[in-house]
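*Asks:* The residues making up each chain are set out below.
Number of protein chains: 2
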Amino acid sequence: MNFGIYIYNNAEVLDFSGPFEVLSTANRLGHNNWNIFLVSENKGLIQARGGYPIHSHFSFEDHPDIDVLIVVGGIHTEELKKAHVISWVAKVAEHASKVASVCTGAFILAEAGLLNGLTVTTHWEDISDLKIDYPKLNVVSNQRWVSQGKYITSGGISAGIDMTLHLVSDLANLTLAKETAKQMEYDWQRIT
Amino acid sequence: MNFGIYIYNNAEVLDFSGPFEVLSTANRLGHNNWNIFLVSENKGLIQARGGYPIHSHFSFEDHPDIDVLIVVGGIHTEELKKAHVISWVAKVAEHASKVASVCTGAFILAEAGLLNGLTVTTHWEDISDLKIDYPKLNVVSNQRWVSQGKYITSGGISAGIDMTLHLVSDLANLTLAKETAKQMEYDWQRIT
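The listed protein sequences correspond, in order, to chains A and B.
All you need for my numbering is the position in the first sequence, starting with 1, plus 2.
All you need for my numbering is the position in the second sequence, starting with 1, plus 2.
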């Protein structure tokens, strides 16, 4: 199974490093043969938020098929203006079995028209903007993540860790998700 | 104030990305004029654990003075064998005002002779090894982090986030640490 995490300049660091840590730890503990990679629009160095120098594994041109797409937040506004990015997200989402957002990554999924009619969430600071900008969404607050079949949206920054543990539970099993949280010494905030 | 985070091949991703996220968010919210950077032994691309492609900002040869040194864990055993790394850590620690470890980064500080006589902690899986390998340390479990004046050691992986929030509280103030946790939607596990 191939996990593609979409990153870009000024993406929030923990939005992508948290899910990467969860998935790679789960992969190691569970011997899942998962392939976890970062994807950016173009090749080369990405400057994530705060000047964090990260490389993607693949660009839009050369990435493997993506079964699980994770779109992260941060300073996402430039991404919304890029027709090439939005059409790539829409195309990959169409063929993926799961599509998730962390933090303001929900705006990118919304811009791609993927969240219409769904119950979703985002960073607490951006709840009202998401409602105003995309009135076809049912935006909720005070949930770490919201799962709606194929689509999962999570709250701000560290909530992406909880959401990704849920993905592990869903795609592998609950025992592995709990073992992963224990390995990370992370107090998983499950929805129960 | 200059924060240097030491990274290396097979360093655990969240061990360094978590503290970077905390410090850069605190810096943005608090207008602290903090300089937060990653340091590696040599220039070039680092493959953190799980094949995570990260660049350091500086090498041992060209980094600015470090006021706060954070040494991270992961597969740390190769680092212990590198005399150049251990002597660099010892030298930087001598001039730093705070020295912290995340997870098995405690072994690197211990190898540099910095933790003798102190109460310290590490990842839960490595508590007994740390006791055996460095009998001059008082190793404890079931604490997210242990502060001993200049030296702070934290538990595994995500505990580095809690420890770094404590650093923010200590070096700036408690209000900023709480605001940073709120911005990250992180449930800070404080020692109270």
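Heads up, a few of these hints could be off.
No copy is singled out in the list; a pair is fine if it fits within one copy or between any two copies.
[Said to hold, decoys possible] Dumping the calculated SDA-like pairs for lysine to any residue here, alpha-carbon to alpha-carbon at most 25 Å:
| no. | residue 1 | residue 2 |
| --- | --- | --- |
| 1 | Lys83 | Gly151 |
| 2 | Lys184 | Ser130 |
| 3 | Lys83 | Thr177 |
| 4 | Lys45 | His59 |
| 5 | Lys180 | His57 |
| 6 | Lys45 | Ser61 |
| 7 | Lys45 | Asn12 |
| 8 | Lys100 | Tyr153 |
| 9 | Lys180 | Gln145 |
| 10 | Lys180 | Glu127 |
| 11 | Lys84 | Glu113 |
No wet-lab data here; the hints were simulated from the structure.
*Asks:* Would you mind marking each hint as holding or not holding in the structure?
*Replies:* Taking the hints in turn, this is what the structure says about them:
For the identical chains of this complex, Lys83 and Gly151 are neighbours neither inside a copy (28 Å) nor across copies (49 Å), given an alpha-carbon limit of 25 Å. For a Cα distance limit of 25 Å, the shortest separation of Lys184 from Ser130 across copies, 17 Å, qualifies, whereas the shortest one inside one copy, 35 Å, does not. Taking the shortest alpha-carbon separations for Lys83 and Thr177, neither the intra-copy value of 41 Å nor the inter-copy value of 36 Å comes in at or below 25 Å. Taking CA atoms no more than 25 Å apart as the test, Lys45 paired with His59 passes in both settings, with 9 Å inside one copy and 19 Å between copies.
For the homomeric pair Lys180 and His57, neither the shortest alpha-carbon distance inside one copy (29 Å) nor that between copies (31 Å) is at most 25 Å. Proximity of Lys45 and Ser61 under a CA criterion of 25 Å is satisfied in both settings, with 5 Å inside one chain copy and 24 Å between copies. Taking the shortest Cα distances, Lys45 and Asn12 sit within 25 Å of each other both inside one copy (16 Å) and across copies (23 Å). In this assembly of identical chains, the alpha carbons of Lys100 and Tyr153 lie at most 25 Å apart only when taken from the same copy (6 Å versus 44 Å across copies).
Proximity of Lys180 to Gln145 under the C-alpha cut-off of 25 Å is found in both arrangements, the shortest distances being 19 Å within a copy and 20 Å between copies. Taking the shortest Cα distances, Lys180 and Glu127 sit within 25 Å of each other only across copies (16 Å), while inside one copy they are farther apart (29 Å). In this assembly of identical chains, the alpha carbons of Lys84 and Glu113 lie at most 25 Å apart only when taken from the same copy (10 Å versus 50 Å across copies).
Violated hints, in rising order: 1, 3, 5; the structure is consistent with all others.
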